[in-house]
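A.B. asks: Reminder that position 83 of the sequence shown reads as 85 in the numbering used here, one-by-one numbering, no gaps.
You may find that some hints are simply not true.
Claimed, not checked - DEER-style ranges, computed between Cβ atoms:
#1 Asn177 with Ser142: 46 to 56 Å
#2 His139 with Asn177: 19 to 29 Å
#3 His179 with Cys35: 43 to 53 Å
#4 Asp202 with Ile39: 54 to 64 Å
#5 Ala24 with Pro203: 45 to 55 Å
#6 Met71 with Asn177: 18 to 28 Å
#7 Val125 with Leu34: 30 to 40 Å
#8 Val38 with Tyr140: 34 to 44 Å
#9 Thr100 with Tyr140: 13 to 23 Å
#10 Glu23 with Val109: 49 to 59 Å
It should be emphasised that the hints constitute simulated quantities derived from the structure, not laboratory data. A virtual CB, placed ideally from N, CA and C, is assigned to each residue, including glycine.
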Amino acid sequence: MNDFFSTFFSADFSAQPLNVEAVVLGLCLSFLCGMVISQTYMATHSGLSYSRSFVNSMVVIPMIVTVVMMVLNNNLVTAFGLMAVFAVVRFRNVLRDTLDTSYVLAVLVVGMASGTQRFSLAVVATVTLALVMFFLHYTSYGTRQRYDVILNMHWSRPPAELPDVGGILDRHARNVHCASRRSGDAQAGTDLSYRLLLRDPDRVDELLLELRQLDGVSRLTSLKAEQESEL
Numbered sequence: 003m004n005d006f007f008s009t010f011f012s013a014d015f016s017a018q019p020l021n022v023e024a025v026v027l028g029l030c031l032s033f034l035c036g037m038v039i040s041q042t043y044m045a046t047h048s049g050l051s052y053s054r055s056f057v058n059s060m061v062v063i064p065m066i067v068t069v070v071m072m073v074l075n076n077n078l079v080t081a082f083g084l085m086a087v088f089a090v091v092r093f094r095n096v097l098r099d100t101l102d103t104s105y106v107l108a109v110l111v112v113g114m115a116s117g118t119q120r121f122s123l124a125v126v127a128t129v130t131l132a133l134v135m136f137f138l139h140y141t142s143y144g145t146r147q148r149y150d151v152i153l154n155m156h157w158s159r160p161p162a163e164l165p166d167v168g169g170i171l172d173r174h175a176r177n178v179h180c181a182s183r184r185s186g187d188a189q190a191g192t193d194l195s196y197r198l199l200l201r202d203p204d205r206v207d208e209l210l211l212e213l214r215q216l217d218g219v220s221r222l223t224s225l226k227a228e229q230e231s232e233l
């Protein structure tokens, strides 16, 4: 087995031999730094433009750039070739998803590594990036789901009697957040929008049934969190 690995890592035909320990250390460090930056972004981001794929890209792209720098290795000819390939891909394709861009960058860099005869670098980078992609996918990394369901309703009774609604919501939800409240005159009623973190997401139908049976509730609609489009 040792002979196999020694043969594999010495099979590159590049000008300089591959330092496997430096490759692994660089990829691990860029992964950890990307995780720190993405966690900071998740904690400080506000507004409607949050995207999970963008968060994942902040983890993957530092690793890709690390491989890019290893492929270039102070080689000016390779650098110009890489710029030309990126320009062609950017001209021919418009990618709306930042994670798709990361995949395109990954395959380009691996191709550059193979083309510059850094075969072991191409294999190590491919395996590492694939593992990170699977990790981000199966852990749903970057998701900021703080509620299970969105409830919209119209309340025709006086606002002072809203605790009747709150009592039902508190029985079914661990966390209740009133995201929107629009009140008209005394006869028009109040339009309400709630974000709920349910105690048991499988019992959402019971919650809706109780609310519909409550006098004063009308135009009740619900939306599951996974059905909400990511902006």
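A.B. asks: Against the structure, test the hints numbered earlier, and report the numbers of the ones violated in rising order.
C.D. replies: 1, 3, 4, 6, 7, 8 and 10
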